[in-house]
Amino acid sequence: MHDVVIRTQELSKHFGAFVAVDKISFDVPAGEIFGFLGANGAGKTTAMRMLSGLSRPTSGAATVAGFDVFTQPEEIKRTIGYMSQKFSLYEDLTVRENITFFGGIYGLSDSAIKEKSDLLIEQLGLQGEVKKLVGSLPLGWKQKLAFSVAMIHDPKIVFLDEPTGGVDPLTRRQFWELIYAAADRGVTIFVTTHYMDEAEYCHRVSIMVDGAIKALDTPRDLKQTYQAPTMDAVFYHLARGAQRSAD
Amino acid sequence: MNQLLTFIRKEFLHVLRDRKTLLILFGLPIVQILLFGFALTNEVRNANIAIIDDAHDEASRSIIGMIAASRSFHAHALPGGHSSIDETFRSSGVKLIVLFPANFNTDLMHTQRARVQIIADASDPNTASTLTTYVSAIIADYQKARVQTTSLPYTISTNVRMLYNPQLKGAPNFVPGVMALVLMLVCVMMTSIAIVREKELGTMEILLVSPFKPMLVIVAKVVPYLLLSLVNVASILVLSVYVLDLPVQGSVVLLVAVSTVFIITSLALGLLISTITNSQQTAMLFSMMGMLLPTTLFSGFMFPIENMPLPLQIISNVVPARWYYIIVKSVMIKGLGFTAIWRELLVLVGMTGLLIVISLRKFKVRLA
Amino acid sequence: MRTLLFLLRKEFRQIFRNVTILRMILLMPVMQLLILPNAANFEVKNITVCIVDHDHSVGSQRLVTSITASGYFKLALATPSYRDAMQLIEADKADLILEIPNGFDRNLVRDNKQTLFIAVNAINGVKANLGAAYLNTIITQYNAQLRTQWIQPTRFGPVSQIEISALNKFNPYLNYKVYMVPGIMAFLVTMVAAYLSALNIVKEKESGTIEQINVTPIRKYQFILGKLIPFWVLGLVVFTIGLLVMRFVYGIVPEGSVFLLYGFAVVYIFSVLGMGLLVSTYAETQQQAMFVAFFFIMIFIMLGGLFTSIDSMPAWAQVITRFNPVRYFIEVMRMVVIRGSTFDDIKMHFLAVIGMGIVLNGWAVLNYRKTS
Numbered sequence: 054m055h056d057v058v059i060r061t062q063e064l065s066k067h068f069g070a071f072v073a074v075d076k077i078s079f080d081v082p083a084g085e086i087f088g089f090l091g092a093n094g095a096g097k098t099t100a101m102r103m104l105s106g107l108s109r110p111t112s113g114a115a116t117v118a119g120f121d122v123f124t125q126p127e128e129i130k131r132t133i134g135y136m137s138q139k140f141s142l143y144e145d146l147t148v149r150e151n152i153t154f155f156g157g158i159y160g161l162s163d164s165a166i167k168e169k170s171d172l173l174i175e176q177l178g179l180q181g182e183v184k185k186l187v188g189s190l191p192l193g194w195k196q197k198l199a200f201s202v203a204m205i206h207d208p209k210i211v212f213l214d215e216p217t218g219g220v221d222p223l224t225r226r227q228f229w230e231l232i233y234a235a236a237d238r239g240v241t242i243f244v245t246t247h248y249m250d251e252a253e254y255c256h257r258v259s260i261m262v263d264g265a266i267k268a269l270d271t272p273r274d275l276k277q278t279y280q281a282p283t284m285d286a287v288f289y290h291l292a293r294g295a296q297r298s299a300d
Numbered sequence: 010m011n012q013l014l015t016f017i018r019k020e021f022l023h024v025l026r027d028r029k030t031l032l033i034l035f036g037l038p039i040v041q042i043l044l045f046g047f048a049l050t051n052e053v054r055n056a057n058i059a060i061i062d063d064a065h066d067e068a069s070r071s072i073i074g075m076i077a078a079s080r081s082f083h084a085h086a087l088p089g090g091h092s093s094i095d096e097t098f099r100s101s102g103v104k105l106i107v108l109f110p111a112n113f114n115t116d117l118m119h120t121q122r123a124r125v126q127i128i129a130d131a132s133d134p135n136t137a138s139t140l141t142t143y144v145s146a147i148i149a150d151y152q153k154a155r156v157q158t159t160s161l162p163y164t165i166s167t168n169v170r171m172l173y174n175p176q177l178k179g180a181p182n183f184v185p186g187v188m189a190l191v192l193m194l195v196c197v198m199m200t201s202i203a204i205v206r207e208k209e210l211g212t213m214e215i216l217l218v219s220p221f222k223p224m225l226v227i228v229a230k231v232v233p234y235l236l237l238s239l240v241n242v243a244s245i246l247v248l249s250v251y252v253l254d255l256p257v258q259g260s261v262v263l264l265v266a267v268s269t270v271f272i273i274t275s276l277a278l279g280l281l282i283s284t285i286t287n288s289q290q291t292a293m294l295f296s297m298m299g300m301l302l303p304t305t306l307f308s309g310f311m312f313p314i315e316n317m318p319l320p321l322q323i324i325s326n327v328v329p330a331r332w333y334y335i336i337v338k339s340v341m342i343k344g345l346g347f348t349a350i351w352r353e354l355l356v357l358v359g360m361t362g363l364l365i366v367i368s369l370r371k372f373k374v375r376l377a
Numbered sequence: 020m021r022t023l024l025f026l027l028r029k030e031f032r033q034i035f036r037n038v039t040i041l042r043m044i045l046l047m048p049v050m051q052l053l054i055l056p057n058a059a060n061f062e063v064k065n066i067t068v069c070i071v072d073h074d075h076s077v078g079s080q081r082l083v084t085s086i087t088a089s090g091y092f093k094l095a096l097a098t099p100s101y102r103d104a105m106q107l108i109e110a111d112k113a114d115l116i117l118e119i120p121n122g123f124d125r126n127l128v129r130d131n132k133q134t135l136f137i138a139v140n141a142i143n144g145v146k147a148n149l150g151a152a153y154l155n156t157i158i159t160q161y162n163a164q165l166r167t168q169w170i171q172p173t174r175f176g177p178v179s180q181i182e183i184s185a186l187n188k189f190n191p192y193l194n195y196k197v198y199m200v201p202g203i204m205a206f207l208v209t210m211v212a213a214y215l216s217a218l219n220i221v222k223e224k225e226s227g228t229i230e231q232i233n234v235t236p237i238r239k240y241q242f243i244l245g246k247l248i249p250f251w252v253l254g255l256v257v258f259t260i261g262l263l264v265m266r267f268v269y270g271i272v273p274e275g276s277v278f279l280l281y282g283f284a285v286v287y288i289f290s291v292l293g294m295g296l297l298v299s300t301y302a303e304t305q306q307q308a309m310f311v312a313f314f315f316i317m318i319f320i321m322l323g324g325l326f327t328s329i330d331s332m333p334a335w336a337q338v339i340t341r342f343n344p345v346r347y348f349i350e351v352m353r354m355v356v357i358r359g360s361t362f363d364d365i366k367m368h369f370l371a372v373i374g375m376g377i378v379l380n381g382w383a384v385l386n387y388r389k390t391s
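Chains as they are written, first to last, in my numbering: chain H, 54 to 300; chain G, 10 to 377; chain V, 20 to 391.
Please note: incorrect hints may appear among the correct ones.
Below, computed lysine-lysine pairings styled on DSS-like, alpha-carbon distance capped at 30 Å [said to hold, decoys possible]:
{"no.": "1", "chain 1": "V", "residue 1": "Lys196", "chain 2": "H", "residue 2": "Lys195"}
{"no.": "2", "chain 1": "H", "residue 1": "Lys209", "chain 2": "H", "residue 2": "Lys139"}
{"no.": "3", "chain 1": "H", "residue 1": "Lys167", "chain 2": "V", "residue 2": "Lys366"}
{"no.": "4", "chain 1": "H", "residue 1": "Lys167", "chain 2": "V", "residue 2": "Lys224"}
{"no.": "5", "chain 1": "H", "residue 1": "Lys139", "chain 2": "G", "residue 2": "Lys29"}
{"no.": "6", "chain 1": "V", "residue 1": "Lys196", "chain 2": "V", "residue 2": "Lys366"}
For the record, the hints were derived by calculation from the structure and aren't laboratory data.
Bound conformation, chain H alone (with noise of 0.2 Å):
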C-alpha cells in the first residue's frame, strides 16, 4: 500500500447554522484516483475546498499531502493541482500566455515554462489554437487546457471539481485518458462528479449525502453491497433518503 496523501478526521464546515460538511473522515492513498460523488448541495465542493486550502475548515482535522489544513494552507496550495467547475482560465488570453502565466505564478523558470507549454499544446493537439484567445475555444478543448494548466507545476495531488460538466461523451472519454496518464504518473486524482458512469472509472469511490459520507469503496464492492447492477442504482439508493435538494 502506498503512502497516504490525503487524511481527514470528523471534517466539518458550518455556515451559520447551515452544516454543509458533516463530521467527514477518510484517507486517500497516493496514486489514487478517488471519486466523490454526490447530488447537488451535498457538501462535495465545500469539501474539495477545504482540502485545497479554499475554505477554513469550522472543526475536525486533516491533512493534505502531510501539511495541515488549519495552519498552513499556502503550503498545501504549492504541492496541489486544482480545477473548479466554473472555467477557470483568462478568456482574453491566449492559450499560451494562460499557460506562461500559470507556470509562472507556480514559479517555474522560463525554459521550464517553454518546454512545458510546448509539450503540453502538442499532447493537446492545440497547435493550430496557440495564438487564439481561450475564450474563442470549445468547452471541450478549454476543460482540457484547464486540466493540464492546473498540472503545470507537476503536483502531487490534483482536486477536479466536476470537471466535465456540459461536455459530449466523447470528450468526456478524452479527459479521463488524461487523468489516468497523470494517474499513472503517480499523481492522486480527487475527482467530484454527478456522472454515474464516470465513477466507475474511479479507484475508490464514496457517496456523500446531506453532508456526510454514506459510503465509500471500490466501484464493484459498493454493487455488491447494494446488490446493485450499476453505479447509478447504488447512488439513487443512498441518495433516495436526501433531506436537501439542490440549490
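Since chain H is already given, all that's left is putting chains G and V on it; use the hints.
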C-alpha cells in the same frame, strides 16, 4: 399576464437580493439632497482674508471692524512686510489681502483722498471678484456714514421682491436637478448593466429561447427599476418638503406623472445602451460618459446653459434631463400647471418614443 | 518578484486586449477636458430683464437706456403689464422685471421721491441676488446723475474719497478656465483610477478565475500589487494627457514645478487605487462594485471643492473634507499650477494623501482573503 407577473417577481428578487446595491440606490438621493441642502453652496462664506494695517488709526480700525463683522469673511491681521504677499497666497488659504497704507486717516482728513489696496488671489475668479465687490461695498458704506448727508433730494428707491424663493436658498434650484440625476443614474446604469450582465453570463439566451416573447422579457427586466425609481422620487419629495422646507407648489399628481415619463425615457436609454454593448464594463463606461456627464452638465442645474458656447447649447437640447428639469422646476417650484409645460413634455415624450423604437429594432436585429 | 512580473504581464495583456475600454480610458479624459471647462462657468451674465414701463416719459426712457448700456443686461420683449411680464418669468424667458410706475418722471420732481418695483426670479438664489444688485447699482448711478444735473454743484462741499485699487494676482484676466482646468484634471484622474481598480478584482470574482489564483501559492500583496501597478501607470498616462491638453489647448503653463505635480500624482493615484481595490474586495458583482464606487466618488467630488468652495461649507462638512483624498489633489493642482506653490507649501497635503493611501491599501490587502 400571469406569466409576466411571475417573471417580474423573479427580476424583483434579483434586485432585492443585492443589498449593497440597494442600499446605494436608496442612499444616493438622500445623501445628495442632504449634501446640496446643507453642505454645498455657491455663496462665498467664511473666506479667509488677511489685513495688513500700516495705518493703525481710527479710520482703518473702523473699516476693519466692519469687515470683521461680515459673515462672508474670516478676517485676521497679517503683520507687515509686503514682500511676503505672494508667499501668503501660496502657502495659506488666504483669498484676499486688504492693505491700509500708513497715514490713512490723516490723508483722508487733510487731502480728502486716501487709498486702500485690495489684492485678490484670482485663481478662482468668481471668489476673487465677489470678495473684491464685498470689501469695496463695506468701504463705500463707511464713506457714506462719514459723509453723513441728510436726506438727499430726488431719491429713487427700489422695492425688490424675490419670487418663488424669498430667502434665496439653494434648494429650489438643485432639488429638481437631483431628481433628474438620480433617475437617470438608477435607470440607465442599472438597466443597461442588468441586461448586459445576462448577456455576459449567457442567461439571456436561455430567456430568449423560452416560449416567452422577447418584448416581455424586457418589460419584466425594467419594471423593478421603474418602481424603485418611483420610490426614489417619493423619497426626494418627502425630504425636500420636510427636511429642506421646500413644498411642492403645483400638482403632485402631475409631478409624479412627468417623472414616470422621464423614468421611461431613461429606461429606454438604458435598453439602447445594452443593445450596443457586450460587457458590463463597456456598458458602464457608456452610461457614465453618454448619460451621467451630459445630465449633470446640460440639465442646467449646475451650470447655466446660457453661459455655454453655442455648440454646447445646441447639444443640450438633445439631453432629456434638460427638459425634465424645466418641467420639474415649473411644476414644483413655480406651481404651474399642465398648460405651461406641455411643450417640454411633448419633447420628452417624443424622445422616449424614438428611443424605444430604436432600441427595440436593435434588439430584434440581434435576435435574428 | 518574478511572480509579480508574470502578474503584471498578464494584467497589461488584458488591458491592451480590450481595445474598447482602452480607447475610452484614453479618449474620455480628452473629451471631458475639452468640454467641461467650457460648460462649467458659474459667471453670472446674460441676465434678461423685462421692463414694464407705465410712464413712457423721457425720464423712464433714459433709465432704460442706462440699463441696456451697462452691459450686464439683455432686454426681453417689452410688455404692457406686470401680468404679461410674469408670463415671461414663468417661461424662463426673463429673469427680472422692472416696473416703472405711471408718472414716475413727473412725480419725482413733485414728491422728491419715487419707488421702482423689481421682481426677481429667485430660484437660482445667487443669480437673483447679483442681478438685483446690478440693477440697483445702475438705478443709484442714474439717480446720482439726475441730482448733479438738477442741483447746482456748488451745494456740494468737498467730499473725502477713499480710492480702492484692486489687484488680481495669479489670474489677472479672471479667466475661469485657468481655475477649472487643473481641478477637472484631478477629477478625471480620480475617475479613471478608482473605477478601473474597483471593477478589476470583481471581474475575476465573477468569471471565477480568482479561484484559480487563490489556489496557487501566490502572496496576497503580490496579487494586489499586480493589480495596482498597471492602473497606476494608466493613471499617470491619463494625467500626462491632461497636462498636454492643458498646455496646448488652454495655453496654461504650470507656474510651479511639473515634477512636483507628478510626484503628487504618483502618491495620489496610489491612494485612490487603494480605495477602488477596497471596494473591489467587498463587492460580489461588477454592478455592485460600480455603484459603491460611484457613490463614494460622487461624495468625494462634491465635497472636493471642485465646483463649490470648501471655505463656504459648514464646519462639520469641512471636517469630512479632511478625509477626502480628492480634495487634496484638487487643491494641489490649483496651488502648483496657478500659484506656483512649492513642496514646502504642500507637504501637509503629501502627508495626508500618503497616510490615506497606506490605510486604504492596507485595508484592501487585509480584506482580500485567499481562504474564506
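Hints and how they fare:
1. V:Lys196 / H:Lys195: 54 Å, violated
2. H:Lys209 / H:Lys139: Holds - the C-alpha atoms of Lys139 of chain H and Lys209 of chain H are around 22 Å apart, at most 30 Å.
3. H:Lys167 / V:Lys366: Not OK: Lys167 of chain H and Lys366 of chain V at ~49 Å, beyond 30 Å, violated.
4. H:Lys167 / V:Lys224: 29 Å, holds
5. H:Lys139 / G:Lys29: With Cα atoms ~25 Å apart, Lys139 of chain H and Lys29 of chain G stay inside 30 Å; holds.
6. V:Lys196 / V:Lys366: Distance ~26 Å between Lys196 of chain V and Lys366 of chain V Cα, so the pair holds.
When the structure is compared with the earlier hints, violations turn up for hints 1, 3 and for no others.
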